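Novice: Please construct the entire structure, taking both the sequences and the accompanying hints into account.
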Amino acid sequence: MRHTLSSIALGAAALFAGQAFAAEVPSVVLVHGAFADGSDWAKVIPLLQAKGIHVTAVQNGLESLAGDAEATRRAIDNQKGKVVLVGHSWGGSVITEAGQNDKVAALVYVAAFAPDSGQSSAEVGKGYPASPGVQKLTADAKGWLTLPPQAVAEDFAQDVPAAQAAVMAVTQGPLQAKALEDRITVAAWKTRPSWFIVSAKDRMIPPDLERAMAKKIGAVTTTLPTSHVPQQSRPKDVAAVILAAVKASTR
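All letters in the sequence shown, in the order written, are residues 21 to 271 by our numbering.
Since the hints were derived computationally from the structure, they do not count as laboratory data. Accuracy of the hints is not assured; some may be wrong.
Heads up, simulated PhoX-like pairs for lysine-lysine below, C-alpha to C-alpha not over 20 angstroms straight-line [said to hold, decoys possible]:
#1 Lys256 x Lys146
#2 Lys156 x Lys146
#3 Lys210 x Lys235
#4 Lys102 x Lys236
#5 Lys221 x Lys256
#6 Lys235 x Lys221
#7 Lys102 x Lys71
#8 Lys156 x Lys210
#9 Lys198 x Lys156
#10 Lys71 x Lys256
#11 Lys123 x Lys267
Have a look at the derived ranges for each label pair, beta carbon to beta carbon [unchecked claim]:
#12 Glu83 x Lys256: 28 to 34 angstroms
#13 Pro181 x Gly101: 36 to 42 angstroms
#14 Val190 x Gln155: 17 to 23 angstroms
#15 Gln79 x Thr270: 35 to 41 angstroms
#16 Gly58 x Ala264: 21 to 27 angstroms
#17 Lys198 x Lys221: 42 to 48 angstroms
In this text, all values refer to a predicted model and were calculated from it rather than measured experimentally. Ideal Cβ positions, reconstructed from N, Cα and C, are used throughout, including at glycine.
Specialist: Given below as structure tokens:
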């Protein structure tokens, strides 16, 4: 009987030890950019899940920085433990604003904006030539910006199959132009370790600007020979960077 109780105790200890270890692995919260929705991460999500990572993809309204940051904070608050916060494009501004949260252990920028405190997304690119894709944006009567299908195929996602780019054009989320003027209140990268993926063939955010932002925030930087959407064309490489941030944040 004593031997049986000891076995049960040891088994329970092992079980709880395993649960404690699992709880120390951060969750990943993915924040999409403009002209997209949460499904933009569809190729990356299963790669993270296959490693046992709990993943949440935020659905941004793309109307304001405050609104998208609040949606991201809700996702962060709903995680059980630490969080690695990942943002693509406009989502970089969102994670910069929302990442000042005790749960956030690291930030990952994927071809993204990384504004400073008091700076807007529009101001980040001052001094750089307007990119080909940005020059093709169209605005409706209420200031919502979209990319024409041809621009999605040629400037946003030129390294994905044409059929996929056509679907991306139809499912894109319009961005309210005024959101680009919203200013960061506190830049989370100042107090969090950061990773940055530079897309060397980006036609939406100039690659030189991405390199400059990565350097400014002191990020661990990976350069990929991709369009603006490496999560679509090179999902394994993007997942690898996110997993590196998770590993570095696991204690």
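Novice: Confirm or reject each hint.
Specialist: Quick rundown of the hints versus the structure:
Restraint check for lysine 256 and lysine 146: not satisfied, since their Cα atoms lie roughly 32 angstroms apart, outside the 20 angstroms limit. A threshold of 20 angstroms between alpha carbons decides the hint, and for lysine 156 with lysine 146 the separation of about 18 angstroms falls inside it, so the pair holds. Restraint check for lysine 210 and lysine 235: the C-alpha separation of about 13 angstroms stays at or below 20 angstroms, so the hint holds. In summary, the hint linking lysine 102 to lysine 236 is not supported, as the alpha carbons are separated by about 25 angstroms, beyond the 20 angstroms threshold.
Proposed proximity of lysine 221 and lysine 256 is supported: the alpha carbons are some 18 angstroms apart, at most 20 angstroms. With a C-alpha separation of about 18 angstroms, the suggested pair lysine 235 and lysine 221 falls inside the 20 angstroms cut-off, and the hint holds. Note on lysine 102 and lysine 71: the hinted pairing holds, with a Cα-Cα distance of about 16 angstroms set against a maximum of 20 angstroms. A hinted pair counts as satisfied when its Cα atoms are at most 20 angstroms apart, and lysine 156 with lysine 210 does not qualify at roughly 33 angstroms.
For a cut-off of 20 angstroms, the pair hint linking lysine 198 to lysine 156 stands: about 17 angstroms separates their Cα positions. Using a Cα cut-off of 20 angstroms, the hinted pair lysine 71 and lysine 256 holds, with the two alpha carbons roughly 12 angstroms apart. A hinted pair counts as satisfied when its Cα atoms are at most 20 angstroms apart, and lysine 123 with lysine 267 qualifies at roughly 16 angstroms. Restraint check, glutamate 83 to lysine 256: a C-beta distance of roughly 33 angstroms satisfies the suggested window 28 to 34 angstroms.
Taken as a hint, the range 36 to 42 angstroms holds for the pair proline 181 and glycine 101, whose Cβ atoms sit roughly 38 angstroms apart. Our hint of 17 to 23 angstroms for valine 190 and glutamine 155 holds, since their Cβ atoms are close to 22 angstroms apart. Range check, glutamine 79 to threonine 270: about 27 angstroms between beta-carbon atoms, so the 35 to 41 angstroms window is missed. Glycine 58 and alanine 264 have their C-beta atoms about 23 angstroms apart, which keeps the hinted 21 to 27 angstroms range intact.
In this structure the supplied range 42 to 48 angstroms is violated for lysine 198 paired with lysine 221, their Cβ-Cβ distance being about 29 angstroms.
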